[in-house]
Amino acid sequence: MRPGIDLRYCKGCNICVYMCPKQCFSNGVDLSAQGYFPAVVTAPEKCFNHDRTEKPICELCVLSCPDQAISWEPEPEEKEKKDDNQTG
Amino acid sequence: MELFDFYDQDRWPHVFCPGCGNGTVMNCFFRAFNEIGWKLDNTVFVSGIGCSSRIPLYINSDAIHTTHGRAIAVATGLKLSRPELDVVVFTGDGDLGAIGGNHFINGCRRNVDLDVICINNNIYGMTGGQASITTPHDFISTTTPFGNTEYPFDLAEIAVAAGANYVARWTTRHVHELTKSIKASLEKKGFNFVEVVSQCPTNFGRRNKMADPTALLDWFKESSVRRDKARAAAIDHVDLNLAGQITTGEFVCRDRECYHDRKGGGTHGDGH
Numbered sequence: 083m084r085p086g087i088d089l090r091y092c093k094g095c096n097i098c099v100y101m102c103p104k105q106c107f108s109n110g111v112d113l114s115a116q117g118y119f120p121a122v123v124t125a126p127e128k129c130f131n132h133d134r135t136e137k138p139i140c141e142l143c144v145l146s147c148p149d150q151a152i153s154w155e156p157e158p159e160e161k162e163k164k165d166d167n168q169t170g
Numbered sequence: 005m006e007l008f009d010f011y012d013q014d015r016w017p018h019v020f021c022p023g024c025g026n027g028t029v030m031n032c033f034f035r036a037f038n039e040i041g042w043k044l045d046n047t048v049f050v051s052g053i054g055c056s057s058r059i060p061l062y063i064n065s066d067a068i069h070t071t072h073g074r075a076i077a078v079a080t081g082l083k084l085s086r087p088e089l090d091v092v093v094f095t096g097d098g099d100l101g102a103i104g105g106n107h108f109i110n111g112c113r114r115n116v117d118l119d120v121i122c123i124n125n126n127i128y129g130m131t132g133g134q135a136s137i138t139t140p141h142d143f144i145s146t147t148t149p150f151g152n153t154e155y156p157f158d159l160a161e162i163a164v165a166a167g168a169n170y171v172a173r174w175t176t177r178h179v180h181e182l183t184k185s186i187k188a189s190l191e192k193k194g195f196n197f198v199e200v201v202s203q204c205p206t207n208f209g210r211r212n213k214m215a216d217p218t219a220l221l222d223w224f225k226e227s228s229v230r231r232d233k234a235r236a237a238a239i240d241h242v243d244l245n246l247a248g249q250i251t252t253g254e255f256v257c258r259d260r261e262c263y264h265d266r267k268g269g270g271t272h273g274d275g276h
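So the sequences go chain by chain: R and A. Take any residue in the first sequence, note its place counting from 1, add 82, and you have its number in our numbering. Take any residue in the second sequence, note its place counting from 1, add 4, and you have its number in our numbering.
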């Protein structure tokens, strides 16, 4: 799984960028509809939970996000990998 | 349950400023709340006035928004009349320590079964950044433009001295430790007090050259000293920012008798 940022809620405080020990996030540059600069998940493959599918560890970003904007999303490639294993 | 199941999603996004620590405390509280398996139907959240006291408005539960400083008084009455309910008080430094200071001290002394989470942002944030009782020495606010000449209150030490059962202090930089402490405080009977030193970038950081919330978190990280380590190093009287340090850790964890468990008639007097 990977961290995902909800653009409706993010207020661009960049606390996730500061808290993440693996530098998954980076400061936002694009203006959101709410008028903030939400942070961007630039390196989700560095995350501790990259290979995990349940029971996330670390979770510094989720716990410290003051606007509850970060949640866990499934990896987009995960399904393709599984399909490859089944066929191969 | 996910964290968002506890929140009233219709009210999102909340009114807290960008970078405010109140949301962090909400996350940590509900992670602990979920882990020990309490139910929102059986829990009442009581709050006073202030930024942090707006937290119960965003929770899918019953809440009492009381007058300024009287959150612990109302919660005491609620707990004594409905002992089966779990009562949690969300309060701020001005609400708990300044105007409600006497309720706080006597709440600790009575040891009623309450869980008090105090979010200490070092300033009166909602009213425009006046110096509060916990503003550190030499820090600038709207009422102390040349630096605060006073020394701050140490709420956690007051709770220890007044007789609370569980006292801990963490900052919003220590989210995992804070979650553990809140979990321990919820599990414990009696008056449990967790103080969270939180960031206020709008009114505290902006006037003290820490306008970025991450600068305040960095300050927390650098100035935090574990209480046991401070004691081991024999640093005399380390408290909140008196020596430029924030003492964090579990201050006390004891089993004093709860107000409900006390039997009438003691060894003194004839017991009638």
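Think of the hints as simulated: they come from the structure by calculation, not from any bench. Since the model is a prediction, treat every value here as computed from it, not as a measurement. Watch out, some of these pointers could steer you wrong.
Stated by the list, open to error - Facing chain A, according to a computed beta carbon distance under 8 Å, are these residues of chain R, among others:
#, residue
1, Tyr-91
2, Gly-94
3, Cys-95
4, Tyr-100
5, Lys-104
6, Tyr-118
7, Phe-130
8, Leu-145
9, Asp-149
Cβ coordinates follow ideal geometry from the N, Cα and C atoms, glycine included.
These are the hints, each one checked on the structure:
no.: 1; hint: Tyr-91; result: holds, 5 Å
no.: 2; hint: Gly-94; result: holds, 6 Å
no.: 3; hint: Cys-95; result: holds, 4 Å
no.: 4; hint: Tyr-100; result: holds, 4 Å
no.: 5; hint: Lys-104; result: violated, 16 Å
no.: 6; hint: Tyr-118; result: holds, 7 Å
no.: 7; hint: Phe-130; result: violated, 13 Å
no.: 8; hint: Leu-145; result: holds, 4 Å
no.: 9; hint: Asp-149; result: holds, 6 Å
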